[in-house]
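Asks: Working from the sequences, and respecting the hints, build out all of it.
Residue-level listing of the chains:
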Amino acid sequence: MKNESFGKKILNFIGNNSVPILFVLICVICIPISGFSASYLINEIVTRMGRNIFLILCLLIPIMAGMGLNFGMTLGAMAAELALILVSDWQIWGIPGIVLAMILSIPFSIVLGTFCGKILNMAKGREMITSYIISFFMNGIYQLIVLYMMGPIIPIKHSNVKLPRGYGIRNSVDLIHMRQYLDNLIAVRIGGVKIPVLTFLIIGVLCLFIIWFRKTKLGQDMRAVGQDMNVARDAGINVERTRIISIVMSTVLAGFGMVIYLQNMGNIATYSSHSQIGMFCIAALLVGGASVDRASIGNVFLGVILFHTMFIVAPKAGAMITGDSMIGEYFRVFISYGVITLSLILYETKKRKSKSLVGQQLAQAQKDEEEKA
Amino acid sequence: MNKTRRLLFQIGAVLILAAIAFCMMVIGRGHTVYFDNKILEYDDETYEPPYKVTVYVGGEQVAKLNAKERGMATTIGQDFEMELKIMEVKGGDETRETYQIKLPRTLDGIVVNLPGYLAGLPEEAWMSEFVPIVTESSEEEEVPGGDEFEMEDLGDF
Amino acid sequence: MQTNSPPLLEMRNIKKDFFGNQVLTDINLTLHEGEVLGLCGENGAGKSTLMKILFGMDVIRETGGYEGEILLDGKPVSFSTPFEALEAGIGMVHQEFSLIPGFTAAENIVLNREPKKRNIFSEVFGERLDTLDYNEITGRAEAAIDKMGFHIEKNMRISDMPVGHKQFTEIARELSKENLKLLILDEPTAVLTEKEAEALLRSIRSMSEKGIAVIFITHRLHEILSVCDKVVVMRDGFVVSDVPAAETTVNEISKWMVGRNVSSADSRDIRDTSGSRTILSIRRLWVDMPGETVRDVSLDVREGEILGIGGLAGQGKLGIPNGIMGLYEAGGTVELDGKPIPLNAPRKCLDASLAFVSEDRRGVGLLLDETLEWNIAFPAMQVQNKFLRSYLGGLVKWRDEKGIREVTERYIDELAIKCTGSKQKARELSGGNQQKICLAKAFALEPKFLFVSEPTRGIDIGAKALVLNALKKFNRESGVTVVMISSELEELRQICDRIAIVSGGKIAGIRPASDPSEEFGMLMVSMVK
Amino acid sequence: MNETLADRNNFTVRDRLKSMVRNFGLPRLIIAGFLLLLFIAAPFVGADFWTQISNTINRFSWNAVMVLAMVPMIHSGCGLNFGLPLGIISGLLGATLSIELGFTGPVSFVMAVAIATPFALILGAGYGWLLNKIKGGEMMIATYVGFSSVSFMCMMWLLLPYHSPTMVWGLSGKGLRTTISLEGFYDKVLANILQINIGNLSIPTGTLLFFALLAWLMWAFLHTKTGTAMTAVGSNPTFARAAGVNVDKMRMLSVVMSTWLAAIGILVYEQGFGFIQLYMAPFYMALPAVSAILIGGASVNKASIGHVILGTFLFQGIVTMTPTVMNNAIHMDMSEVIRVVASQGMILYALTRKTEVTK
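Chains as they are written, first to last, in this note's numbering: chain A, 1 to 373; chain B, 1 to 157; chain C, 1 to 529; chain D, 1 to 359.
Everything labelled a hint here was simulated from the structure, so no lab data went into it. Cβ coordinates follow ideal geometry from the N, Cα and C atoms, glycine included. Each hint should be verified, as a subset may be incorrect.
Claimed, not checked - Over 10 angstroms on every C-beta distance to chain B, these chain C residues come out as not near it, computed from the model:
1) P7
2) N155
3) V163
4) T249
5) A470
6) G504
What the hints assert, rightly or not - Sample of chain B residues at the chain A side, in silico, Cβ under 10 angstroms:
7) L17
8) A18
9) C23
10) V26
11) I27
12) G28
13) G30
14) H31
15) T75
16) I76
17) G77
18) D108
19) P132
Replies: Structure below.
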């Protein structure tokens, strides 16, 4: 009897955490095949954690407000890129350059986030697809600014940033004078593994902020709005505004995260850095066991570790198995999309199941009553 | 009362951010300093370069210049400190000394003529702006557009 | 003592119409501090409209406001939003729960009124970044629960609670409001178990002792008698009686609720069908229709009759046709002409020549964005292959636009549907004409048996008569058996041959339509759950 | 007296205009106006009018079938088919297998269609089954089903044992190339049928006729009993259920149709374009098709053949006209940006419209 319930518990656990478990399995299989040394792997993962966690954390707030996965975080990334392009052209280097870029990204993020929030309020119930399309739409506007307005309208001086034709920004903007300044400021080496302490400290502060934020009035309102918009409205909470704030916060944080990400990378791929960032962050979060309506800081950390382990080892493992390195490349892209697809499907079917479950229970109760009568 | 108070706080916060941003713009300004160990003619006088100059910035050697050579270092901020190890003639004694230069904020690249500087000439004599020669190939860079991304765009993450 | 101070609440000559449809006429009400007022009446009697006016709901303003005066503590008030009413000390517990499922009871009790502490961020970004004071939240929730006198677990999440406790959480939320003077409870016992209902009555008494006035709306009349100081009965937008609870009985109240001077009885054409065979027999039917649960219904319908099904809202009368027609999950057995009809399969019912006009016109009854032609012809086309032309030996079934137009125009004429033509979109018609389209749709199926659910809901009086006459004519001329479900007893008595009353998800009784309405009133409240 | 009459006339005209704008949608009007402007401006900036028209018609003929694929799913209430890549993959499988099996010339096109069909039916059925499980969340999941299937096929293109030397990488002898030329296979097979050439104007009559045939079939289908039921399901699923229609079956049918049309659509596109594009190429192909039908006047739950034709023409017109006209006029090629903003803006506009049918 006791064993049975224990078995059931395990089954339940597997059922609820199928995605992370699947990833653990993939990693366990792929790591030995790839033949990477432990120190190399750990080094890579630590670097990627420092690079990505901040970005992924910004997804938590819209989930809290019931707006699902914020594909519009790309907007924050664009804001950060605009800021970094300007800062780079002004030749502000090092830590001051990074700080300036963060501050500069705030107004951009606020404008973009407000726009996104307002549109999402007009498309309640299909926030995700809408935020996804917004990211494409804004990509167009971003290109308009970067490709045509930077130069003639927004002054850009330096030829290492500007296209030779006289306007527009190059495909790739070098951030050599900011590269890993943040990571290296207080870096500690433990057994050949470089730990970017300052970056982790900043991440830690953000985690504390999110924990604290949940306990504020605004955080409470967001949770209320996320669970039942109508009840929240009846209680006098300004639902629309709360939703917009959650998106703006997410966008601003995404902007900071993108600055951290890019200072680690050391250059901006002007027209593509942002376009995939949303997808990878969301995939990582989901791998960590989050769902469309529930995500925690733990999911973020676990997700980054699992997702990026897969990301590092998949190409090599793929090459080892099939003899073609591209297989692994495609495999990891497939896995990223696949995991998002799977999570979305699980979420939607669960929503439906819980509905029909209520019906079944009622029917059963009536049946019982009938039998009694 | 409460509203004005909050407004004050908000304005304060924005001002603080703006102030930080401004500070960053000042202290974070990056410069590239070029060291010319070349002959300088100024006021009808000629200043000969020493045989060899070794330049240290922040304790690290950035250039070892024979006569007629140019070296380069990057720095953040306007207070530039360098250490020069000078060998006047081949095989001669080396002197080591620290120099402070105040860089102009507006210039990206600054050329410092070492013989002129060491001779204690006025600033305009030994300092000049570095103007990069555009050697860009004029080919247009391929700029991706729209919603057609290629595999490369997926990039490394 | 009370006579010296002005009453807590006074409503004077309240009038309200919805687009010319008078729903409240000259309502006068007074309520003193600590008094408990029982408000009862049939559905549509105007109870909820009256409460909506008092509570300042948006609907009232949007439909042109109301006439008359409301005085609170002797001062005239007029609330334009529910928040103003809350501010003035009026609390209301609605029938639908207004709770956040993932929050604890305590969090729900203080929802959007959480005690807060200031911090550095809130100075800059405003009060919404104040941190919540959890100790204070628990404290206030405890106080409110104490005040209510029924213990609920303050740290339990709403989604884990039994239904009754959710109801109590709502009440505790209203009680936690410091300035609460008047509490409106809209059918609070509907979801409670016997024990919980008793506890609620006790807590109403204790509230009243603390000086809070309560307006208690319920269909369980004995509850009213046991807890209220006075009873107000409404019918058709009038207050028909306002008496101290001690001076009346359940019988009397139920009479007031449905009673009417029956003068039109003679003109009615009632057919005695007791000799006819049974065409539809329902045995032990249960239907899971939210809000209209059918528990155990057994019913025989005789061929050629018009059977009315009446009852109070939420008792399950709507669930019967919806369950049989397969729109909601159902169980039990249904036989038409001795042949069993499978449940949960709409197509099978239609194939068996049953037809249904739903009470949810816009949701179920119509294709709002399509033409009248489509609306009328669609079911007949799908179920019976009417209005189709076959080509290639039946491989291609082509829509017969001409046939569709003809049938649509015929019904437009027959039912006097006001429209610009058969190609008009259904959305653009008025409620009454939409209802006629729904009827035409069912008529076009030429069924043997027709369910009509709330055919007159939300349409004006002229259209009502037309719709009812059309139904009667359809029954009398084509011999089709009709089962009509309606909340309006008078309407049923006007056109039906027999009337079954549903109460508590079961059939409380079947009477000839000529029986006095008091009889039906008694049945309605007999098994209320 | 006369004046008041005139006034009233004016009033009604203005009223009618207003309601027209409202029905048509401001973004659509802007896009149509923009295209008109481009056509007017074209001769002035030195672009040849007839070449432009030819280009537009050509591109129209390539893309129209894929836009047509949107229609069934919109009709059945499944929303915009962001999962179009799934159908495209079926088409690609048909195309590559047809070549692999050694068919050439026009026969290879017929065989490609024939081989693609079972794939489209099977994948479409699976996709439809999935969409029936997740009613209400179709669009987002469709998008990601498209993405994951494309990235899955990326691996398959490398791994599947293709051998035809025209298709595999020359060096390693395995794995398909990213682009495969269709010369000698079905390059322009449809376009060359009855092609009309007058000066700079050339019209691919065959392709247009092929599209017309499919469009007519679609139109005819929507006039049958089943087609009527499908429209009703999209308009009000509860109504349809109450009228005895099997809602899930109708939705499934619409998804299969859409997937099949997408497969045929990509084959038509390839025969016009002259190349098969594999790997990530189908990735974002849904978006132009989606925005085209929306520009044509469709909404998330209403679409007609007219919308397909008008929308494809407007969208492709802008795609072909902007680069030349803009380049000639201001020497700045902003066509990409304009296309992205216009098409994505259109999708956004459609998504934010309130639709009455809520499930």
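Asks: Now tell me if each hint is right for this structure.
Replies: Each hint tested on the structure:
At the 10 angstroms boundary, the C-beta of P7 of chain C stays outside the reach of chain B, the nearest C-beta of that chain being 37 angstroms off. Against chain B, the non-interface label of N155 of chain C holds: every CB pair exceeds 10 angstroms, the least being about 33 angstroms. Even its closest Cβ contact with chain B, about 42 angstroms, leaves V163 of chain C beyond 10 angstroms, as expected for a residue assigned away from the interface. The Cβ of T249 of chain C lies farther than 10 angstroms from every Cβ of chain B, with a closest approach of about 58 angstroms, so its non-interface assignment holds.
With 10 angstroms as the threshold on Cβ separation, the claim that A470 of chain C sits away from chain B holds: the shortest Cβ distance comes to roughly 56 angstroms. A cut-off of 10 angstroms between C-beta atoms confirms that G504 of chain C is not in contact with chain B; the least separation is 54 angstroms. A cut of 10 angstroms between beta carbons decides the hint on L17 of chain B: the least distance to chain A is about 5 angstroms, and the hint holds. A hinted interface residue such as A18 of chain B counts as satisfied when its beta carbon comes closer than 10 angstroms to some beta carbon of chain A; here the least separation is about 8 angstroms, so the hint holds.
The interface hint given for C23 of chain B holds, since its Cβ lies 8 angstroms from the closest Cβ of chain A, which is under the 10 angstroms cut-off. Proximity of V26 of chain B to chain A holds as hinted, the smallest CB-CB distance being about 8 angstroms (cut-off 10 angstroms). Look at I27 of chain B: its Cβ gets to within about 5 angstroms of chain A, closer than 10 angstroms, so that hint holds up. With a least beta-carbon distance of about 2 angstroms to chain A, the hint placing G28 of chain B at the interface is held under the 10 angstroms criterion.
With a least beta-carbon distance of about 3 angstroms to chain A, the hint placing G30 of chain B at the interface is held under the 10 angstroms criterion. Nearest Cβ of chain A to the Cβ of H31 of chain B: about 8 angstroms, under the 10 angstroms cut. The hint holds. This hint holds: T75 of chain B has a C-beta 9 angstroms from the nearest C-beta of chain A, less than the 10 angstroms allowed. Satisfaction of the interface hint for I76 of chain B is found here, the shortest Cβ-Cβ separation to chain A being roughly 5 angstroms, below the 10 angstroms cut-off.
Evaluation of the G77 of chain B hint against chain A yields a held restraint, the C-beta minimum of about 8 angstroms falling below 10 angstroms. A distance limit of 10 angstroms between C-beta atoms decides the matter here; for D108 of chain B the minimum to chain A is near 6 angstroms, and the interface restraint holds. Using the Cβ-Cβ criterion of 10 angstroms, the hint placing P132 of chain B at the interface with chain A is satisfied: the shortest such distance is roughly 7 angstroms.
In summary, this structure violates none of the numbered hints.
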